[in-house]
Amino acid sequence: MSLKLAAGLPSLEPYALQQRWTLPRSLSPGEWAAMFSDYLAGLARLCAEAGGQASSDAAGRNRAAPHVVIGHIKLLALFDGGEYLRVSMVSPRHGATVTGSTPSGLSEMPVTLNVLVYGLPAERLAGLTAAAAAAVAGHWGAAVETVPLPHHHHHHERTEHADQP
Amino acid sequence: MHLLLVNGFLGSGKTTLILSLARAAQARGRKAAMIINEIGEIGIDNQLMRQLDLNVWELFNGCICCTLTADLVSTLQTLDAEYDVDVVVVEPSGAADPKNVLTALPYYRGRPLESVRWVTVLDPLRLPMLLEVLEPLIAAGIRQGDCLVISKADLATAEELAEATTLTRAVNDRAPLYCLMLGGELPPDLVAGLLP
Numbered sequence: 001m002s003l004k005l006a007a008g009l010p011s012l013e014p015y016a017l018q019q020r021w022t023l024p025r026s027l028s029p030g031e032w033a034a035m036f037s038d039y040l041a042g043l044a045r046l047c048a049e050a051g052g053q054a055s056s057d058a059a060g061r062n063r064a065a066p067h068v069v070i071g072h073i074k075l076l077a078l079f080d081g082g083e084y085l086r087v088s089m090v091s092p093r094h095g096a097t098v099t100g101s102t103p104s105g106l107s108e109m110p111v112t113l114n115v116l117v118y119g120l121p122a123e124r125l126a127g128l129t130a131a132a133a134a135a136v137a138g139h140w141g142a143a144v145e146t147v148p149l150p151h152h153h154h155h156h157e158r159t160e161h162a163d164q165p
Numbered sequence: 166m167h168l169l170l171v172n173g174f175l176g177s178g179k180t181t182l183i184l185s186l187a188r189a190a191q192a193r194g195r196k197a198a199m200i201i202n203e204i205g206e207i208g209i210d211n212q213l214m215r216q217l218d219l220n221v222w223e224l225f226n227g228c229i230c231c232t233l234t235a236d237l238v239s240t241l242q243t244l245d246a247e248y249d250v251d252v253v254v255v256e257p258s259g260a261a262d263p264k265n266v267l268t269a270l271p272y273y274r275g276r277p278l279e280s281v282r283w284v285t286v287l288d289p290l291r292l293p294m295l296l297e298v299l300e301p302l303i304a305a306g307i308r309q310g311d312c313l314v315i316s317k318a319d320l321a322t323a324e325e326l327a328e329a330t331t332l333t334r335a336v337n338d339r340a341p342l343y344c345l346m347l348g349g350e351l352p353p354d355l356v357a358g359l360l361p
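Just so you know, the protein sequences line up as chains A and B, in that order. As numbered in this note's numbering, residues 1 to 165 make up the first sequence, in order. As numbered in this note's numbering, residues 166 to 361 make up the second sequence, in order.
Since the hints were derived computationally from the structure, they do not count as laboratory data. Using N, Cα and C, we set each Cβ at its ideal position, and we do this for glycine too. Fair warning: there could be bad hints in the mix.
Among chain A residues calculated to face chain B with C-beta under 10 Å, some are [claimed, not checked]: (1) R86; (2) T97; (3) N114.
Selected chain B positions facing chain A (Cβ under 7 Å, derived; list incomplete) [said to hold, decoys possible]: (4) H167; (5) L175; (6) G176; (7) I204; (8) I207; (9) A357.
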């Protein structure tokens, strides 16, 4: 799916994937958050570089309209008991935002990643995502497996908790 | 049934605000439903809201302002006819043009909506850049807002907050403007205004 919003705006081709990260030892909640923050920061940097803009733009903005605009890169992991880890990245200039936390003692984790970047085709985003994952996995000694996406059969789907109205 | 539309560019902090509003609605004894439209093959925000036991309705495979306006209307009518909710919170995708979402509402055939309010969420870390490269979309959102929220106030410098405020006020100087910290408590007057 490609969204062209208006004349003059770069197109948006969303890219999503699910991955399973496996570590040789269990990580603390802080380590998981740090690893995934590094992952998204690396991906944001690669996207910015692919668009030809310096990720360390001292002025903090793009005076010349960039070819690539990072919309939102976000990662979510869900756990039993209502726990979750959400990591969000909107610019290579700023660090990732982390909300929630992982349970203790985990050495593997399935995650969902949404990459919403204007100006880069999904195929290119897939390559950059793989490169960013490989770099972080190498640093942490992790193995990363891509999991096939579930197929949505319905355009409109209700998901509610049993005790909701 | 009140309708609250939460507008804002991708990554501006809409979901964080909605989660806070959901907690506030619960605390006030209000029944809230969320209609979430995410771009992408997998919705992350709706998964998160489901994990938190919120009443979530998802609109998939398109943008609420383009191809999913009919789905939005039919979902509102279902909520009106079959569920006794006090407030429906709609999160259009961060790429939605608010004007287009509004064009759908006249087709709603349920009981008259008691109120329709827009809150626009703005990211002070990127607002100057976004107003340069995506000006029509970002400015339309600011203009539309009945209430303006500058998010991530704790992540921005004082200069960034001041600039974001100035840029926002240059487009819309009538709506109340709040600066909120990530995950911080919502001011009571903001809650009262958004959750009547």
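Evaluation of the provided hints:
With 10 Å as the threshold, the beta carbon of A:R86 comes within range of chain B, its nearest partner Cβ sitting at about 6 Å, so the hint holds. Restraint check, A:T97 versus chain B: the minimum CB separation of about 7 Å is within 10 Å; hint holds. A cut of 10 Å between beta carbons decides the hint on A:N114: the least distance to chain B is about 5 Å, and the hint holds. Because the beta carbon of B:H167 sits about 15 Å from the nearest beta carbon in chain A, more than 7 Å, this interface hint is broken.
At about 3 Å, the closest approach between the beta carbon of B:L175 and any beta carbon in chain A falls short of 7 Å, and the interface hint on this residue holds. Annotation: interface hint on B:G176 holds; nearest CB of chain A at approximately 4 Å, less than 7 Å. Proximity of B:I204 to chain A holds as hinted, the smallest CB-CB distance being about 5 Å (cut-off 7 Å). Restraint check, B:I207 versus chain A: the minimum CB separation of about 4 Å is within 7 Å; hint holds.
Interface hint at B:A357: violated, since its Cβ lies 23 Å from the closest Cβ of chain A, which is beyond the 7 Å cut-off.
In summary, the structure is inconsistent with hints 4 and 9 from the numbered list given earlier, while agreeing with the others.
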